[in-house]
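Chemist: Working from the sequences, and respecting the hints, build out all of it.
2 protein chains.
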Amino acid sequence: MSLLQPWQEKAAKKRTSLYDLIPQEWRLPKSIINNPPKNSTIVPSQCGILSKLDLEITEIDNIEELAHRIAQEKYSAVQVIEAYCKRAAIAHQLVNCLAEILFTQALERAQYLDDYFKSTGGKTIGPFHGIPISFKDQFNIKGIETAMAYIGYLGDIAENNSVLVDIVLSLGAVLYVKTALPQTVMLPETRSHLLGITLNPLNRELSCGGSSGGEGSLIAMKGSICGLGTDIGGSIRFPTALNGIYGLKPSDGRIPYGRARNSFDGQESVPSVIGPMTRSLSNIRLFFKSILETKPWLIDPQVHNIPWREDLFQEGQMNKLSFGVIQFDQKVHLSPPVQRAINMSINALEKAGHQVIQWDTIDHPEGIDILVKMYQADGGKDVQKALDLSGESIVPGAFVGKPETEISIYEYWQLNVARRDYAMKYLEKWNKTKEITSTGRPIDGIISPICGLPAYPHEYQISIEYTGIVNLLQLTSVILPITRVDLQLDQITDEYRNMKIASDLDKMAKETYKGPEVFENCIVGLQIICRRLEEEKAIGMAMVLEKALELYQ
Amino acid sequence: MSLLQPWQEKAAKKRTSLYDLIPQEWRLPKSIINNPPKNSTIVPSQCGILSKLDLEITEIDNIEELAHRIAQEKYSAVQVIEAYCKRAAIAHQLVNCLAEILFTQALERAQYLDDYFKSTGGKTIGPFHGIPISFKDQFNIKGIETAMAYIGYLGDIAENNSVLVDIVLSLGAVLYVKTALPQTVMLPETRSHLLGITLNPLNRELSCGGSSGGEGSLIAMKGSICGLGTDIGGSIRFPTALNGIYGLKPSDGRIPYGRARNSFDGQESVPSVIGPMTRSLSNIRLFFKSILETKPWLIDPQVHNIPWREDLFQEGQMNKLSFGVIQFDQKVHLSPPVQRAINMSINALEKAGHQVIQWDTIDHPEGIDILVKMYQADGGKDVQKALDLSGESIVPGAFVGKPETEISIYEYWQLNVARRDYAMKYLEKWNKTKEITSTGRPIDGIISPICGLPAYPHEYQISIEYTGIVNLLQLTSVILPITRVDLQLDQITDEYRNMKIASDLDKMAKETYKGPEVFENCIVGLQIICRRLEEEKAIGMAMVLEKALELYQ
Numbered sequence: 001m002s003l004l005q006p007w008q009e010k011a012a013k014k015r016t017s018l019y020d021l022i023p024q025e026w027r028l029p030k031s032i033i034n035n036p037p038k039n040s041t042i043v044p045s046q047c048g049i050l051s052k053l054d055l056e057i058t059e060i061d062n063i064e065e066l067a068h069r070i071a072q073e074k075y076s077a078v079q080v081i082e083a084y085c086k087r088a089a090i091a092h093q094l095v096n097c098l099a100e101i102l103f104t105q106a107l108e109r110a111q112y113l114d115d116y117f118k119s120t121g122g123k124t125i126g127p128f129h130g131i132p133i134s135f136k137d138q139f140n141i142k143g144i145e146t147a148m149a150y151i152g153y154l155g156d157i158a159e160n161n162s163v164l165v166d167i168v169l170s171l172g173a174v175l176y177v178k179t180a181l182p183q184t185v186m187l188p189e190t191r192s193h194l195l196g197i198t199l200n201p202l203n204r205e206l207s208c209g210g211s212s213g214g215e216g217s218l219i220a221m222k223g224s225i226c227g228l229g230t231d232i233g234g235s236i237r238f239p240t241a242l243n244g245i246y247g248l249k250p251s252d253g254r255i256p257y258g259r260a261r262n263s264f265d266g267q268e269s270v271p272s273v274i275g276p277m278t279r280s281l282s283n284i285r286l287f288f289k290s291i292l293e294t295k296p297w298l299i300d301p302q303v304h305n306i307p308w309r310e311d312l313f314q315e316g317q318m319n320k321l322s323f324g325v326i327q328f329d330q331k332v333h334l335s336p337p338v339q340r341a342i343n344m345s346i347n348a349l350e351k352a353g354h355q356v357i358q359w360d361t362i363d364h365p366e367g368i369d370i371l372v373k374m375y376q377a378d379g380g381k382d383v384q385k386a387l388d389l390s391g392e393s394i395v396p397g398a399f400v401g402k403p404e405t406e407i408s409i410y411e412y413w414q415l416n417v418a419r420r421d422y423a424m425k426y427l428e429k430w431n432k433t434k435e436i437t438s439t440g441r442p443i444d445g446i447i448s449p450i451c452g453l454p455a456y457p458h459e460y461q462i463s464i465e466y467t468g469i470v471n472l473l474q475l476t477s478v479i480l481p482i483t484r485v486d487l488q489l490d491q492i493t494d495e496y497r498n499m500k501i502a503s504d505l506d507k508m509a510k511e512t513y514k515g516p517e518v519f520e521n522c523i524v525g526l527q528i529i530c531r532r533l534e535e536e537k538a539i540g541m542a543m544v545l546e547k548a549l550e551l552y553q
Numbered sequence: 001m002s003l004l005q006p007w008q009e010k011a012a013k014k015r016t017s018l019y020d021l022i023p024q025e026w027r028l029p030k031s032i033i034n035n036p037p038k039n040s041t042i043v044p045s046q047c048g049i050l051s052k053l054d055l056e057i058t059e060i061d062n063i064e065e066l067a068h069r070i071a072q073e074k075y076s077a078v079q080v081i082e083a084y085c086k087r088a089a090i091a092h093q094l095v096n097c098l099a100e101i102l103f104t105q106a107l108e109r110a111q112y113l114d115d116y117f118k119s120t121g122g123k124t125i126g127p128f129h130g131i132p133i134s135f136k137d138q139f140n141i142k143g144i145e146t147a148m149a150y151i152g153y154l155g156d157i158a159e160n161n162s163v164l165v166d167i168v169l170s171l172g173a174v175l176y177v178k179t180a181l182p183q184t185v186m187l188p189e190t191r192s193h194l195l196g197i198t199l200n201p202l203n204r205e206l207s208c209g210g211s212s213g214g215e216g217s218l219i220a221m222k223g224s225i226c227g228l229g230t231d232i233g234g235s236i237r238f239p240t241a242l243n244g245i246y247g248l249k250p251s252d253g254r255i256p257y258g259r260a261r262n263s264f265d266g267q268e269s270v271p272s273v274i275g276p277m278t279r280s281l282s283n284i285r286l287f288f289k290s291i292l293e294t295k296p297w298l299i300d301p302q303v304h305n306i307p308w309r310e311d312l313f314q315e316g317q318m319n320k321l322s323f324g325v326i327q328f329d330q331k332v333h334l335s336p337p338v339q340r341a342i343n344m345s346i347n348a349l350e351k352a353g354h355q356v357i358q359w360d361t362i363d364h365p366e367g368i369d370i371l372v373k374m375y376q377a378d379g380g381k382d383v384q385k386a387l388d389l390s391g392e393s394i395v396p397g398a399f400v401g402k403p404e405t406e407i408s409i410y411e412y413w414q415l416n417v418a419r420r421d422y423a424m425k426y427l428e429k430w431n432k433t434k435e436i437t438s439t440g441r442p443i444d445g446i447i448s449p450i451c452g453l454p455a456y457p458h459e460y461q462i463s464i465e466y467t468g469i470v471n472l473l474q475l476t477s478v479i480l481p482i483t484r485v486d487l488q489l490d491q492i493t494d495e496y497r498n499m500k501i502a503s504d505l506d507k508m509a510k511e512t513y514k515g516p517e518v519f520e521n522c523i524v525g526l527q528i529i530c531r532r533l534e535e536e537k538a539i540g541m542a543m544v545l546e547k548a549l550e551l552y553q
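Protein chains in written order, with full-length UniProt numbering: chain Z, 1 to 553; chain B, 1 to 553.
It does not matter which identical chain is used: a pair holds within one copy or between any two.
EDC-like cross-link-like pairs, simulated, lysine to aspartate or glutamate; straight-line CA separation at most 16 Å:
1) K425 - E366
2) K385 - E411
3) K142 - D156
4) K295 - E428
5) K385 - E406
6) K507 - E495
7) K74 - D114
8) K289 - E310
9) K381 - E404
10) K429 - E366
These are calculated hints, taken from the structure and not from any lab test.
Quick caveat, the model's predicted, so the values are computed rather than measured.
Modeler: Here it is as structure tokens:
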């Protein structure tokens, strides 16, 4: 007789069947599996599974470059997808980042693209011809399960593609994996009874973040060049920052969410948004621009008809920009490496002729309070219904309501009013900065940490003051890696040691930052926040920061 | 001892103090007051209160023309506002359309504008320099009461202007009145214990519509050249159509709602929107374009940063357009004059080379069901709180919830999901029309009635199937007058007489349409519906229809 609960058995079966989809010849040797290095990213080039060509292909960070090489027949689409399937398989064995494996379908699709290319005398289907695109397991792919890390959703086969899946296919992309997410989708790490825990490829003792952690870790392993995550409180930004990659959290209404699934479906006060997670800023630009060029508002009623605005992108690259900077969210102080990343950014921007002024966050806790009440307004009923399907228990730490947090519709409407009034005050604060900038304009954007720590251990509770305001106000944010944790430079300073503890979360963060050794190999990511619906400008400004950092170093 | 309830006394006092603000010399003679003509619009030119100049000024329908004459010093701003104050005062005495009278402030403001003009050697403040703009009493004007037709809100003095009030002032406008609306703001007529009933200027035995009925009737009286209403189920469109004027119901996020008041404040599933009601399509274009040119998204966080798009406006004026047409909403059949307006529109458009195809509304009742559940989700608590402030009773017929209609947050979220799925299906239906249009594109827009009758009596319950879907899906709609009820042409036909009754509402409508005599002097208005956020195109298409009708007649 099995000692497992029926739901545990179902989960185990799912994990096994997923694993079984990895061909034998792509399986890592027991020596690595049993004794993996702390830094998983070194394995792909050393394990012998990837050919020289596979490595060459998967080391290209730039989508345009890879697409160019396919269009120039340097690589076939089949070669590219084979390389990525292999590398994704290796990644999964090391960090447990996948939710669905579609290697067979991917090879068929790549073959179709190669045939199309040949039969048309060298035509590509679109800018993503032959480019592998990974999707968090909230997206529907016709004929494939969308379990969304709920055991109760196993067997839920999608009848249609999500709108965004259709769009990337229309542009020539190849689907090959869906990636792991946490149960409830409301957790800043990637953990579920169904899929287990996803590890951070840079340092497996740490979390890969969440909820889009499968994407983050897969991309850091270079098992994907571009994937799609979602963000309702930081779910793109945590894993983007923690895995040292690039990402965009747009405002609601730009990237189509149609026919994608979610927890709290129908909760529209703080809309979840979809954004690309990838390996360069130019990829973000290309992806976002390419999606908009298909006019997604014609097929998804929730998308605004706002095309790519080149002028706004250029506005983000002006010679003299003015940045606000957040150095403390009122809850958790910055650990030395994050503080150093902020300092580097300030210095680099000032050296490049831009201005940086302090951004006051005294009102952030008030905003987060509204946000959390919105998350929890249903008293956790939505999640409970999903759990009840299988009988599984909830993972601890999820931002999910309990019976006592349920409120009435009237109270919910008052929360919306509170959010709207808060947004108005926040915008007034933003506009008022024109009195102190040297440009005469209000600040163009804000540089902000994602988190006080460069990364965090598994089952760690984080503050969302650095990320949540962006969701509450539907601002736009671009995340980029700034610097790697340095064993010398990031020692605990007297200032950090003697800092007044601001909250329980601050206490925990300080206890966790025992020194840079704990965060060895981690990369600190920061975000550039712009006004609502100013995605193009945020991308432009992130490019300015990246360039300034290059020149500064 | 008074036989009145305290709230009745307060209301009476308010009405009296409002009336007292009308100067003696602008008071209509008792002969008219005691025996007003059915058609109030004939009074202003006959009553002797308006000078020849006053009449000349107020008969100009075009904002641009009026602004031009002010800028050319043909009229001073003071002359213009005096003329409009007088005419608004006359209108109020006839149809009871005002909620606040600001004549003194208006004259001061006009004097300021004239002084500015002189002192700057002929500079105007903006495109609305000296133009009177009226506002429904949901808008805040600093220092003025915003009672919103609730007795309990009397004494609620606004501390700040609504965002849109600030914007029109920045463009040079003059505020002079706020207009009547129904208690609850959820009634398709304009009736409250506070302000009484507003009558239809074209035929005082009929309703002026609602909830923006004060605007509609004031503008029909030419007591305003342009006013602002709001629409959550038809509240701009009913009074626009019933008063024979022009209006725009935009999608959410284009015209700033910041610091305006509302019933159900915070109810965001079906957002109420603001739109201009006015006396020509070119005024709608000018108003909308002028507001957008101030970049309202920089000061109101709910506004999308979408500028005026001239290309989309031009797209609405293409040589060959394809229109869907709605002739039955599944609930109420079209009465003869409305059917004739539809037929005229179809014939005129086809003669002008455009295509018109039938638009299926089989799914409209399903959408309206979702919409009404959303309105009533709070069980009427919001309105009850407003009523409780004074003890007044609710006006019958309001689309307001009762305790038994209250739902949980979880159920509310499911309603949002239902609306989103409905929107997706509706859009698919729209896109599928490209298979049957001769343009090869999906239909460009839809011609639709506002109501089965050309107007309706007071305290009449109407169907919102013709209007509500536009709100549920946040589509855009431009309303224009098509034809006047004709005592010969609009006799009851055998077809109308023998039509199968579709619903109780249909039965009531048929009983109400006793013949064209009942609707003497009424004008039938129709709406052009375009996709979400396609305001510019809808304006362009309405112009096409108006031009086609001119050529056709």
